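Protein chains: 2
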Amino acid sequence: MNKSIVLLSGGLDSSTTLYFAKSKGYSCHCLIFDYGQRHKKEIAAAKLIARASECPLEVVQIALPWKGSALLDKAIQLPKNQKLGRTGIPPTYVPARNIIFLSFAASYAEAIGARHIFIGANAVDYSGYPDCRPDFMRAYQAMLAKGLKAGVQGKGIQVETPLIHLSKAQIVRLARKLGVPTEKTWSCYQGGAKPCGVCDSCRLREKGFNSVNSVRPTLTRTNLQKRSSGQPK
Amino acid sequence: MNKSIVLLSGGLDSSTTLYFAKSKGYSCHCLIFDYGQRHKKEIAAAKLIARASECPLEVVQIALPWKGSALLDKAIQLPKNQKLGRTGIPPTYVPARNIIFLSFAASYAEAIGARHIFIGANAVDYSGYPDCRPDFMRAYQAMLAKGLKAGVQGKGIQVETPLIHLSKAQIVRLARKLGVPTEKTWSCYQGGAKPCGVCDSCRLREKGFNSVNSVRPTLTRTNLQKRSSGQPK
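Residue numbers (the working numbering), protein chains in the order written: chain A, 45 to 277; chain B, 45 to 277.
To be clear, the hints were calculated from the coordinates, so they are not data collected in a lab. You can trust all of the hints, since none of them are fake.
As the list makes no split between identical chains, a pair holds if one copy fits it or if it spans any two.
Computed cross-link-like contacts, DSSO-like style, restricted to lysine-lysine with a CA-CA straight-line distance of at most 30 Å:
id	residue 1	residue 2
1	Lys199	Lys124
2	Lys193	Lys124
3	Lys111	Lys84
4	Lys111	Lys124
5	Lys111	Lys47
6	Lys47	Lys68
7	Lys111	Lys85
If you're wondering where the values come from, they're calculated on a predicted model, not measured in any experiment.
With the hints as extra help, turn the sequences into a complete structure.
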């Protein structure tokens, strides 16, 4: 079966990407990072999603000794109620985050003989991150072709970005069509009992669900505690 | 002062690269990885070198859940007394190793405002690793320009490879000229009391020192224990 690595973050986009890859017949190996982010709720959500999709999940521990982002450093304020679609790179940008995540995915792919890496990056309703744009993904792909054993042997590893040109509304529709259990996903940058509703990630998610006149599904603490036992490794 | 990140492995090449960067006036921030390699002796050696050069060193912990290399998995035999200069990728290749290491260096560089990453990759007397070639380094550089905040803001981060076109003999001469304390470096893939002398890394090192009629300096266990207290963080 065609093996793939799926970068999972527990949010709507990466979960939809996982279900998309599954729908295309890939055997998916999920990867998430415990990298000192503000909260661990996204890891718990990723475990729920991986279990629901019956795919294995690896949690990679990374101790980043430096900060430089509102997602790593609680002393930096998270932006609230910002205008969506604004330009500029927000303080939630983590230096080289997707570059690091994709590099582990490439290593994992080579180690298990997978030829595809799926990432739920999105360049339409994105938050201004340079490492979510098609230009970057093409450059990453070109770099892998030069630096990996698989690359120089002509069996390249492809970076797949099925959501990159979709709006949040289109992602919500795709998630519905694929049967993604969106109530298990967590998008909020905060790790509270309920999503804060004012961070960029909450507002983009809300915009998506509002656009398709759908109730915004919420991963509650009770739901999380009830379902998080017996998670896939 | 012009800040730079130096990927240090405790071996001859990366140590020479550090001293080279220092000689060019860079303020060097060294980086080494504890990634489940066969032995920790290279980390101890890197600490000695960082201390000798009076540069700070960060040790980044990475728990790679997969194997796929003789440097990660003791069940895979290390090649012994192989012909140097042979073609093909040896079993000591670690999937995406330099891709991962450079990605952390890029993150660190952005976090502290450094504009240069030094890596001691060498494509002349190399062991067949695809991620040590100039082609790969150029592609990595191009990818950073697209994926980093610094890149899209036009303040690109440069990957510097001062040793890439040098032979081992030329590296040994450069190390001498720069005053690198080569007796503190460790190149052997094994972590024994003395270098094994038969792995690719030992043989390349020996070739370099023999070419310039120099005694091969050796980091002994006694030397290591004596000097490893009070290492730089």
